[in-house]
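A.B. asks: Start from the sequences, fold in the hints, and give me the full structure.
Number of protein chains: 4
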Amino acid sequence: MGNKNELLQKIEEGYGKFSKGQKKLADFIREYYDKAAFLTAAKMGEEVGVSESTVVRFATALGYNGYPEFQKALGELVRTKLNSIQRMEVTYGRISQGEILASVLQSDIEKIKMTMESIDHSVFELAVDTILNAKSIYIIGIRSCAPLASFLGFYLNLICPDVKLVNTNSSSEIFEQIIRVGEQDVVIGISFPRYSMRTLKALEFASNRKAKVITLTDSVHSPMTIYSSCNLIARSDMASIVDSLVAPLSVVNALVVALCMKKQEEVITTLETLEQIWDEYQVYSKDELNMVGDKVELTMKMKTGEDDE
Amino acid sequence: MGNKNELLQKIEEGYGKFSKGQKKLADFIREYYDKAAFLTAAKMGEEVGVSESTVVRFATALGYNGYPEFQKALGELVRTKLNSIQRMEVTYGRISQGEILASVLQSDIEKIKMTMESIDHSVFELAVDTILNAKSIYIIGIRSCAPLASFLGFYLNLICPDVKLVNTNSSSEIFEQIIRVGEQDVVIGISFPRYSMRTLKALEFASNRKAKVITLTDSVHSPMTIYSSCNLIARSDMASIVDSLVAPLSVVNALVVALCMKKQEEVITTLETLEQIWDEYQVYSKDELNMVGDKVELTMKMKTGEDDE
Amino acid sequence: MGNKNELLQKIEEGYGKFSKGQKKLADFIREYYDKAAFLTAAKMGEEVGVSESTVVRFATALGYNGYPEFQKALGELVRTKLNSIQRMEVTYGRISQGEILASVLQSDIEKIKMTMESIDHSVFELAVDTILNAKSIYIIGIRSCAPLASFLGFYLNLICPDVKLVNTNSSSEIFEQIIRVGEQDVVIGISFPRYSMRTLKALEFASNRKAKVITLTDSVHSPMTIYSSCNLIARSDMASIVDSLVAPLSVVNALVVALCMKKQEEVITTLETLEQIWDEYQVYSKDELNMVGDKVELTMKMKTGEDDE
Amino acid sequence: MGNKNELLQKIEEGYGKFSKGQKKLADFIREYYDKAAFLTAAKMGEEVGVSESTVVRFATALGYNGYPEFQKALGELVRTKLNSIQRMEVTYGRISQGEILASVLQSDIEKIKMTMESIDHSVFELAVDTILNAKSIYIIGIRSCAPLASFLGFYLNLICPDVKLVNTNSSSEIFEQIIRVGEQDVVIGISFPRYSMRTLKALEFASNRKAKVITLTDSVHSPMTIYSSCNLIARSDMASIVDSLVAPLSVVNALVVALCMKKQEEVITTLETLEQIWDEYQVYSKDELNMVGDKVELTMKMKTGEDDE
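Chains as they are written, first to last, in UniProt numbering: chain A, 1 to 309; chain B, 1 to 309; chain C, 1 to 309; chain D, 1 to 309.
There could be a bad hint or two in this list.
Part of the chain D face toward chain A, derived, beta carbon under 8 Å [to be verified]:
1) R143
2) A146
3) N167
4) S170
5) S171
It should be emphasised that the hints constitute simulated quantities derived from the structure, not laboratory data. Backbone N, C-alpha and C fix where the C-beta goes; we use that ideal spot for every residue, glycine too.
C.D. replies: Right, here's the structure in full:
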């Protein structure tokens, strides 16, 4: 690929000659460049387990005039998604499709494991309590996080009385939908790299309005944490053009289960009411394959090939 | 809970006195009742590893007049979501919120592992090739599967020329959106228990129109497999009102990565074009936090607490 | 067209020989068959200005065994949209495209005029007051009425504190969104022929929950009026596959203006707050061409053809 | 109202002393300030029917240092929606709710009449032919124009093979949806004051890609016309916070009717296919009240009050 990122190329070419500390830094940058771009030299050293001066010398060794220029190169690496293609090439370029499948699933398992190890249980409990005590619950997630927000919104609506899924649609903008947010409300912001500036600004607004802010994001270094008093950290993965949101989805599942357990009676009432409504009012039959008879019939058809023409 | 399902209650009460084979059956039903409701006595025996007559005797032991009545009770168990509350109670009722978190995440890891073990690599490769060779790609997923469909649609649109996310909205119905589907097209149907009848019918239509049908569903027993020539199996989880779709999402990730690797040059071109368009035409700045400077500044603010009032 | 509706054909063939009263009936049926299908013989006579027995004899003259069979034929006429193609043929078949434009616009003017003449001012005032006094405002309109509902929802949200646009989307159904409707709320249902059964059922539910129900529909014969205590009547038009909703949109405009005048101070506050938010928080510039300078520059470009390559 | 716009206030205060030509200018500005902000002094004179020097002197009479400063004040008048509240006050402030209803409907009739008088028939025919000959048809309308775009999209989809409604949603941006637009395609842009910059930029992109561009907008002065080769002009109305889009909707109706007449056979085939699909595949009954029996029954219930409890 002609448009290979310069920094990645330098790291690749020099890798053989790197010291042990430099190799650690190189690995860290390849894996977490999105985070690396945030860090001061001291902080990066701390994360990787080398000294600040090792970091600075690493920058010079790569041909940069000091850490700031190196950091600028890191920024360029982050800037375009094109780089993710390069990273994909590195990760998946030489393996078969079958191996890609196994490799992606294994990587997603790792992300959930890392999430289990790093997530703060007291923060999770705080999130549950904050949601339970809120008057209105706003959920914001856009771009690749929109499906997560929509999924969470669907289930919270069965549990809590006033849930508002904030979406960007053809008619209205985010701020038109959160303009009435207040002290008694909670705003749940979901954002993973490449972080959404619109989500961040909505959280800033909510925070200024004294609303509670809960975030679901990928690290303590995430800008989403600035306005949040309750950060749920789940590992995402960027080794592809697709941002893997498997671990965040798992945390969403846990949130729904925990809320359900706290509001069991209300949820049962809601579900019972919905069942009654279906029976009494719905024109449509429920869009679900529930009747054993139907199912068996369908399965039989499949087995005997009745449907074949 | 007063409205405890009768069948579950019978199983619970009798469990201590069950034979080894009956315990296997009881466990199977508690875990996979949604599937159990489909099965003939012979097939259930096969799945669990007991004889058909053990299954029939188990039905009688529980107090039913033979297998058909027992199967009807299974159907009732499936029918309402209320039962998932009962199952949640069983699974999560006696543990703390922190343990719920760990338990859900661990369960999601297991589902991905089971998916890795059971998914057929040649089917995955067939899915990739079918998508690459299609003229138009239709993606259908509704209810809790809508976020998965939307996520897949977003990324496929960057890779393939004609991707149509079929959604049910206030204006149009599914069939109005797939009315022109033909032989050269592929329809990807995503459905997990409680299976969607509308998705099933759309796949039937696509199949009659000789379109290729790919399904992402939870088992070979899923009714979705009836009209599909290419079944991607991923484990979902119903031990909650929330259907965990973590493993299916991981398979979607793998699909996107594999397609990307096959169409690298096209994806690079698409992404480069999008970058150029942003630069040339967009009124808005990109909704992404890309500039190192900004990030550092934000991070600094956070560290020094400048934003605190 | 081979599939010409039998009843229309009979009317066309016999028209020359009809009595004056029969011609009136024939014209009424061609224009308002959708309504005609509702009416008893007595009622149809009343609407057209002929006696009940004239109506019954008309049915026999057309070759039907009495009024019930004739009414069944009317039902068939209504049943499929195909008939609207036939009606289009009748209305627009022999005129040029330019004349189609003039004819459609003229017809829309007539519908607004008829709406002005027939709409009940005290009902309009009741609608305004009911909306102003409601706790939550739900708006339901699906199929071709979805754009009207969305338009009304967008503006009401700027005026009233808790507006919920009920939509059918891939994730949730109507009843999941209105499950918490109560006595203090108002539900605004918008439905025109071909009336939506789902909207009707939602209004029935709202009515049983003692919520206020306001309807925007096309006549006092509309089934939507069953559950409504406040019916805004606006003329729609079905002389095409497209249901002209111009007059209903005009009534929506009037509703927004009247509400705005009643809540001027609140609307000003909302708009000012939105302006401030844009200035303080928005990453994006507003998506509106506001700056005179920009406009002039753009206009200049246009005039001088600077943009031409 | 304390925040009364300065320019409007000056006009109001001075009105009594204005010359006949100045009164014409004052009326024009109050009615069409959104357009006035675009115009040079010469052009404004031409529109109003006074000389350029009368316009310049009017600016001075109001206390501005010449026309450029006056134009800047016009820009401020346009800038915020707050002004529309003031204009509403002027138009509707002293009349009853009943009169508001009549006044809004009458104003909408006028807009359609003005549209009839000013729309160019050959442009309408060009639009119809361009749409019929296009490979793919993209429809763009956002903010208050989103319902119009959605309405047009719904019906075009029944007439033409490849219709893409471009919407801004939580997942994808406009440019991601039009990235493959090409020479054989048509892009229909709908935008009324306050014009959308995003729609404009999308049209610019389409134009650079040599796609045909059709616009539906409010005047030849609209910036939307810059990139369009086929401008459908329909009068909108801004005398409220709500932009009246009644006349544009009427033009959309005419477009659908004209296209239907040209593709009668295809539309019949599509509708027949949809009917068949309903019969063969739909789980749901059609969401329409079609059966005479049902209707009569419902109507009867209504009349006899059977539903009352």
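A.B. asks: So, against the hints stated earlier in the document, which numbers end up violated here?
C.D. replies: none
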